[in-house]
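**Student:** As they're listed, the protein sequences go chains A and B.
Okay, so the first sequence: first residue is 1 according to our numbering, each after it adds one.
Okay, so the second sequence: first residue is 294 according to our numbering, each after it adds one.
Since the hints were derived computationally from the structure, they do not count as laboratory data.
All residues carry an ideal CB built from backbone N, CA and C; glycine is no exception.
You may find that some hints are simply not true.
Heads up, simulated EDC-like pairs for lysine to aspartate or glutamate below, C-alpha to C-alpha not over 16 angstroms straight-line [unchecked claim]:
| hint | chain 1 | residue 1 | chain 2 | residue 2 |
| --- | --- | --- | --- | --- |
| 1 | A | LYS22 | B | GLU544 |
| 2 | B | LYS315 | B | GLU330 |
| 3 | A | LYS22 | B | ASP503 |
| 4 | A | LYS278 | B | ASP575 |
| 5 | A | LYS278 | A | GLU98 |
| 6 | B | LYS571 | B | GLU391 |
| 7 | A | LYS259 | A | GLU272 |
| 8 | B | LYS315 | A | ASP210 |
| 9 | A | LYS259 | A | GLU239 |
| 10 | A | LYS259 | A | ASP118 |
| 11 | B | LYS571 | A | GLU272 |
| 12 | A | LYS259 | A | GLU236 |
| 13 | B | LYS552 | B | ASP411 |
| 14 | B | LYS571 | A | GLU236 |
| 15 | B | LYS552 | B | ASP516 |
| 16 | A | LYS278 | B | GLU529 |
| 17 | B | LYS552 | B | GLU532 |
| 18 | B | LYS315 | A | GLU125 |
Here are a few chain A residues that sit away from chain B, every Cβ distance over 10 angstroms (derived from the structure) [claimed, not checked]:
| hint | residue |
| --- | --- |
| 19 | GLU45 |
| 20 | SER229 |
| 21 | GLU236 |
| 22 | PRO289 |
2 protein chains.
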Amino acid sequence: VLGLEVVLAGGSALRLGGPRLKDSAGLSLTRLVVGSEGTLAVVTEATLRLMPPQPPRMTAVASFPTTNAATGAVLAITASTRPAMLEYLDRPSINAVEDWRRMGLDRGAAAMLVAQTDAEGIAAERELATIISAFESHGAGEVLATADEEEGRMFVGARRDVIPAVERRGRLLLEDVGVPLPRLPALVDGIARIGAARDVEIALIAHAGDGNTHPLLVYDPADQRMVASAHAAFGEIMELAIGLGGTITGEHGVGRLKKPWLRGQLGDDVLELTRRIKHAFDPNHILNPGVIL
Amino acid sequence: VLGLEVVLAGGSALRLGGPRLKDSAGLSLTRLVVGSEGTLAVVTEATLRLMPPQPPRMTAVASFPTTNAATGAVLAITASTRPAMLEYLDRPSINAVEDWRRMGLDRGAAAMLVAQTDAEGIAAERELATIISAFESHGAGEVLATADEEEGRMFVGARRDVIPAVERRGRLLLEDVGVPLPRLPALVDGIARIGAARDVEIALIAHAGDGNTHPLLVYDPADQRMVASAHAAFGEIMELAIGLGGTITGEHGVGRLKKPWLRGQLGDDVLELTRRIKHAFDPNHILNPGVIL
Chain A
1 VLGLEVVLAG
11 GSALRLGGPR
21 LKDSAGLSLT
31 RLVVGSEGTL
41 AVVTEATLRL
51 MPPQPPRMTA
61 VASFPTTNAA
71 TGAVLAITAS
81 TRPAMLEYLD
91 RPSINAVEDW
101 RRMGLDRGAA
111 AMLVAQTDAE
121 GIAAERELAT
131 IISAFESHGA
141 GEVLATADEE
151 EGRMFVGARR
161 DVIPAVERRG
171 RLLLEDVGVP
181 LPRLPALVDG
191 IARIGAARDV
201 EIALIAHAGD
211 GNTHPLLVYD
221 PADQRMVASA
231 HAAFGEIMEL
241 AIGLGGTITG
251 EHGVGRLKKP
261 WLRGQLGDDV
271 LELTRRIKHA
281 FDPNHILNPG
291 VIL
Chain B
294 VLGLEVVLAG
304 GSALRLGGPR
314 LKDSAGLSLT
324 RLVVGSEGTL
334 AVVTEATLRL
344 MPPQPPRMTA
354 VASFPTTNAA
364 TGAVLAITAS
374 TRPAMLEYLD
384 RPSINAVEDW
394 RRMGLDRGAA
404 AMLVAQTDAE
414 GIAAERELAT
424 IISAFESHGA
434 GEVLATADEE
444 EGRMFVGARR
454 DVIPAVERRG
464 RLLLEDVGVP
474 LPRLPALVDG
484 IARIGAARDV
494 EIALIAHAGD
504 GNTHPLLVYD
514 PADQRMVASA
524 HAAFGEIMEL
534 AIGLGGTITG
544 EHGVGRLKKP
554 WLRGQLGDDV
564 LELTRRIKHA
574 FDPNHILNPG
584 VIL
């Protein structure tokens, strides 16, 4: 986002930034408004930097006997390279997709990783070799690598289908917690422990290369005990992420639902500073009241 | 910059962000403090994301008969690709380096471009071909392309030597104006016009691929008329950049020197908002007083 047109609470329209690739004049107000969830100003226009089209991607897929084997492979891969995609699906996710679509995924695997490289030629070959070697040295059962775009799209599609597939099993609470990459195995273990302790079905998918997970908590909205358990687990997962030096939301934002946990992550001082900045933009607190603060 | 430890004006230490690749919890305070030139808080620690080492670079260099030919080549290249480096040197810059180092640069060229690609294999070959084709179709006199890193470093070194080389000719006022890429030719033309009208020697170098230029205004500090002309040209160049939809500072910041022109770029409303944010952080204005605001 290079620039924004915003309308402030008082009604005036301002231009922040603009179509300049580099600009260090004044405070980074564009960056401040991005991700502020409508609490600072109303965005009426955005100027985006366009990127050249990406080259065709090569895909590598593997299934793992344990979740730790899969998260260990993620750490090994990201230690030396940054794949364009590195997605994680656990057994409940794989089976939910397989129940729905029958794609021939490995139902017995504890987890599956889908990696893609957008490098080209020798660089792509080298990145793919790094990925496959990490898969194999972490006990991957089946490893598949393909330059065929259609086949690659099929596996990416399986990952994309997880949310609607799990949604067929009940109402969802969609989590978005993230941690520093080295803590990913601890986060994945801890989420499973919380699910077991609360007797809540949790399917786990993750943008694993970013340390950002989406636990999908399944519940029956008609079963009050189950609703309470799911919401308790939802909070415990955020507390787990905070305890691991992580975040309650990697990409979806705080909104109203996660507001009670924001203080635990940011601390009183940062929340107080946030409140003062909010006040500087919107002294009467008329913009998206109840969100974030 | 993933995270910061900062000390506020009141003396409290806060942690903003942290070692998480994705985090959307609360306002982007890390981003706001970065580039605030010490006016919001004192940064006492920074957490940076490290990138994998870059592959060896290939280099392409060309000299051009006119500055418009060179800036036209920049627009042609950046229309379809993003080279790792795309640097511009004008004739006074080339000659200042050549006077100092005698590298065999083309003293008669109006401008020179130094491009590098950090792609690999076929992707590097394709990017280099795009660059060379743009050079040639814009009337480049000599075009040199090399995969030899030592040779590439020599040309990058020539670009790096421009500032000390021009400094041998007098005292410098170092500008930092940038524009949206399509306006780069107009900026380069306008800077030359201002230099001629004010009778100020200006050597122009640019991170051309970013639309960010560094006009180097040369003057004799003992000659009061020349000092006044150089400062007048310095201001006119910023006004030119603002008129072209650009910025008074692409990367160096506002500081004290450029403060009088900031209002012209941002406008009253954005400055007023900036003032309110400054006040939210530092109500007694004790942090870096006189900078930006």
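**Student:** Return the numbers of the hints above that this structure violates; sort them in rising order.
**Tutor:** 2, 5, 6, 10, 13, 14, 15, 16 and 18
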